[in-house]
Structure formats: C-alpha cells, structure tokens
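S.K.: Top line first, the protein sequences correspond to chains A and B.
Using my numbering, the first residue of the first sequence is number 1, and each one after it goes up by one.
Using my numbering, the first residue of the second sequence is number 1, and each one after it goes up by one.
Read the hints as simulated data drawn from the structure, not as lab findings.
Just to be clear, a hint being listed does not mean it is correct.
No copy is singled out in the list; a pair is fine if it fits within one copy or between any two copies.
Straight-line distance between alpha carbons at most 25 Å, and here's what the computed SDA-like set of lysine to any residue pairs gives [as the list claims (entries may be wrong)]:
| # | residue 1 | residue 2 |
| --- | --- | --- |
| 1 | Lys14 | Val81 |
| 2 | Lys54 | Arg75 |
| 3 | Lys51 | Thr65 |
| 4 | Lys27 | Thr41 |
All values derive from a computational prediction rather than experimental measurement.
2 protein chains.
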Amino acid sequence: VSTLNRPSARTHLKGPVLQFRLRVIHKSEIALGPGKVELLTAIQTHGSISKGAKSVGMSYMRAWTLVKIMNGAFRGPLVIVERGGTQGGSARLTPLGHHVLELYFELIKQSQSASKTVWSKLRKVLKK
Amino acid sequence: VSTLNRPSARTHLKGPVLQFRLRVIHKSEIALGPGKVELLTAIQTHGSISKGAKSVGMSYMRAWTLVKIMNGAFRGPLVIVERGGTQGGSARLTPLGHHVLELYFELIKQSQSASKTVWSKLRKVLKK
Numbered sequence: 001v002s003t004l005n006r007p008s009a010r011t012h013l014k015g016p017v018l019q020f021r022l023r024v025i026h027k028s029e030i031a032l033g034p035g036k037v038e039l040l041t042a043i044q045t046h047g048s049i050s051k052g053a054k055s056v057g058m059s060y061m062r063a064w065t066l067v068k069i070m071n072g073a074f075r076g077p078l079v080i081v082e083r084g085g086t087q088g089g090s091a092r093l094t095p096l097g098h099h100v101l102e103l104y105f106e107l108i109k110q111s112q113s114a115s116k117t118v119w120s121k122l123r124k125v126l127k128k
Numbered sequence: 001v002s003t004l005n006r007p008s009a010r011t012h013l014k015g016p017v018l019q020f021r022l023r024v025i026h027k028s029e030i031a032l033g034p035g036k037v038e039l040l041t042a043i044q045t046h047g048s049i050s051k052g053a054k055s056v057g058m059s060y061m062r063a064w065t066l067v068k069i070m071n072g073a074f075r076g077p078l079v080i081v082e083r084g085g086t087q088g089g090s091a092r093l094t095p096l097g098h099h100v101l102e103l104y105f106e107l108i109k110q111s112q113s114a115s116k117t118v119w120s121k122l123r124k125v126l127k128k
C-alpha cells in the first residue's frame with residue numbers, strides 16, 4: 001500500500017512528513033487525485049483492475065467507478081480493459097494514462113522541491 | 001465554505017483547477033491538513049470554536065478533536081480557549097497558530113508557482 005494516502009508506522013520513525021495530495025477538479029468532479037493515482041499505479045503493476053483494486057484495499061466496484069470517471073475526464077481513456085479468457089479480463093494503461101501519471105508525479109516533485117525552505121520552518125515548530 | 005476542501009459549481013465555470021491539499025504527518029497523526037487549516041481560519045474569523053465549526057459544517061465534537069490534535073502536535077497550542085460568560089467561551093489563535101497558518105499558505109503558494117508549467121501540460125489532456 002502506497003504512502004500517498006495514509007500515515008504509516010514508517011513515517012513515524014522518519015520524523016515529520018509533508019504529503020502533497022494534489023487534486024485535479026474538472027467539471028465539478030475529481031478527475032485525478034491520490035486515490036485515483038494509487039489505483040492507476042496498481043493497475044499498471046498488476047495488469048488488471050480487480051487485482052490492482054485488491055492490492056490497494058479498494059472494492060472492485062469502487063475501482064470501476066474511478067476508472068470510468070478518469071476515462072471520461074481526459075481526452076481519451078487512461079485505462080483499457082481487455083475482456084475474456086478464463087482468468088477474467090486484463091487491463092492496462094494507455095500511453096495517455098502513462099503520460100498523466102508522469103505529469104502527476106512531476107507536479108509533486110516540483111512542489112516538494114519548491115517547498116523545502118518553508119517546510120523546514122514548519123518542522124521546527126512541531127513538537128520533538 | 002472554503003474552496004480548500006470541495007469541488008464547487010464555481011470551479012466548474014472557471015475550468016479545471018489544481019488543488020494542493022497538503023498534509024503534515026507527525027507521530028502517526030495528521031498534525032495539519034486542509035480540514036484543520038479550514039477550521040483554524042474559521043476560528044480566527046469567528047472568535048469561537050463552536051461558531052467556527054458551524055461555519056464550515058463541522059460538528060463541535062469534531063472541531064474539539066482537531067484542535068486537541070493540533071495543540072498537542074506543535075511546540076505550543078495553536079488555539080486558546082477562554083471559558084465563561086453567558087455567551088459561552090471564546091477562542092482565538094495564538095501567535096504560533098497564526099505563524100503555522102501563514103507557513104501553510106506559503107507552502108501552497110510556492111507549490112502552485114512551481115507547478116505552472118506541468119499543470120498547463122496536464123490541463124491540455126483534459127476533455128474540453
């Protein structure tokens with residue numbers, strides 16, 4: 001399970017952590033956010049919506065809803081499903097899906113980098 | 001109600017919006033995040049935890065829990081309550097509370113600024 005969405009025992013050991021949970025709001029919907037990005041990454045890893053959903057503790061129904069929202073919000077689908085076979089359908093990210101993931105992580109990287117000085121000030125006023 | 005936490009009809013009219021929902025994780029707790037920052041701002045405006053909570057649609061119990069977590073996570077309290085009076089107690093932000101709010105908004109500002117180029121790329125692949 002990714003560290004994108006929840007505090008973990010590990011973050012405790014590392015000291016304070018600043019999380020960048022970016023959200024893209026488009027036509028009154030969340031087109032992209034930490035949950036959807038976590039799901040996309042899991043689908044990429046597992047090659048299936050059901051396995052991807054399971055790996056991040058999400059129901060299959062919920063995963064399908066998120067995929068539908070994303071596929072409808074961008075100029076083309078981010079995830080393509082290939083049905084059939086005795087193992088159930090497989091799923092994969094489209095080139096646009098890969099591109100969107102890359103841009104999202106780039107946004108986080110650049111935000112983290114720009115925040116270093118102010119974050120060090122905020123860390124200092126946290127309890128030891 | 002602030003735009004920090006939810007998509008609104010207004011963001012629809014303006015086109016896609018990139019929200020920076022920053023979280024400070026400290027000792028396995030969320031020391032600061034969009035909900036707590038919204039509450040702090042409301043307490044600052046209304047001079048009371050109950051009125052502040054009401055203005056952001058939060059229960060008094062929930063607001064108290066968030067204030068306790070914040071006051072316990074930083075080197076000193078962010079909110080001070082002055083009890084008594086027939087109108088119920090009033091509350092205000094400490095100088096540390098003001099400082100923390102300023103740093104949080106500064107983090108968002110700098111992140112937004114650093115993200116401009118990549119965000120314009122991401123906007124372009126959203127459906128018109």
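S.K.: Quick one: which hint numbers does this structure break? Sort them smallest to largest.
M.R.: Numbers 1 and 2 - these are the hints that the structure violates, sorted from lowest upward.
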